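When we follow the numbering used here, the leftmost residue of the sequence shown carries the number 1, and every step to the right adds one.
Hints were generated in silico from the structure; no laboratory data involved.
Computed from a predicted model, the values in this text were never measured in an experiment.
Honestly, I wouldn't trust all of these hints.
So the derived label-pair ranges between C-beta atoms look like this [as the list claims (entries may be wrong)]: (1) T21 <-> P259: 34 to 40 Å; (2) I77 <-> S198: 27 to 33 Å; (3) I77 <-> V261: 49 to 55 Å; (4) R144 <-> G10: 40 to 46 Å.
The C-beta atom is built at its ideal place from N, Cα and C for all residues, glycine as well.
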Amino acid sequence: MRAITQTRYGGTDRLRYEEHTDPTPGPGEVLIQVRAAGVDRGTWHLMTGRPYAARVVGGLIRPKSPVLGRDVAGVVIAVGDAVTRFAVGDEVMGTASGSFAELAVAPETRLALKPSSVSFPEAAVIPVSGGTALQALRDTGGLRSGQLVLVIGASGGVGSYAVQIAAAMGAEVTAVASRHKADLVRSLGAVDVIDYASDEVDSRGPRFDLVLDLAGNRPISVLRRAMTRTGTLVVAGGDTGGRWTGGAHRQLLALARSPFVTQRLTGLMSTERGEDYATLAELVDSGRIRPALERTYPLHEAPKAIDHLAAGHVRGKVALTV
């Protein structure tokens, strides 16, 4: 098969489009003919090996997986022993180790049936970002209908889903984004937009029941001023901790401060769960959320897609087509 591979951490100049050994599904796994793969910030982290703390899982000296990519959408062409949820011919989406390839293997527990109302590229940008947003709001944030929610970093991959999911759950959403992306976040369901270039995130006063911070570039003290006395802050993004810890240090800071204030301050450790992807598929097919897919690239142009994402100009999501 053809795949995007890397043998050393670094920039997109380390990536190669080349022949690679076909994967084989083990027990509980399925083999997918990849039709599209999502590109997100996590792809950049896996490629560069930053923050360094992430190498404990991804490989200390070099990447454990030579094929890049997590988000996947495609067709099941083989199943391993003990697979019960999917059969050959099923159209699926989810996460796989090495989705930037013509073939990929994934545990059935990390897959769901593809929404019938969207294309493969649209489905491919749902799992990681959509799953992160869902877990941040529903599970960690405890979001309830009628609450006021502030989403910081609302025009990005996770943010574009967070705005929609919060609105679908009955919340009133205020989005923090640039002036040039205000139209996008309003179209996703935000009733108000704060332009971070001209206004601080607490400019609306202490009114938000839930603040989801996906940008990681404002002090926690400022975020707290935007919250009610019993509001919840979920820190789920940002790279302000530098090359060593990335955004993890802000999550730890929030957790350490939480016992001493009336507000609840916490972080998010998202997991890859097929049942969450199934929930997202239902929301998509019912018309309550939609993948905010900006553009696609062919598989061999993966370096261009990653560079475009890293430049910070993406409105929503980017996908590779296979």
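These are the hints, each one checked on the structure:
no.: 1; hint: T21 <-> P259: 34 to 40 Å; result: 51 Å, violated
no.: 2; hint: I77 <-> S198: 27 to 33 Å; result: 52 Å, violated
no.: 3; hint: I77 <-> V261: 49 to 55 Å; result: 53 Å, holds
no.: 4; hint: R144 <-> G10: 40 to 46 Å; result: 45 Å, holds
Of the hints listed earlier, those the structure fails to meet are numbers 1 and 2, in rising order.
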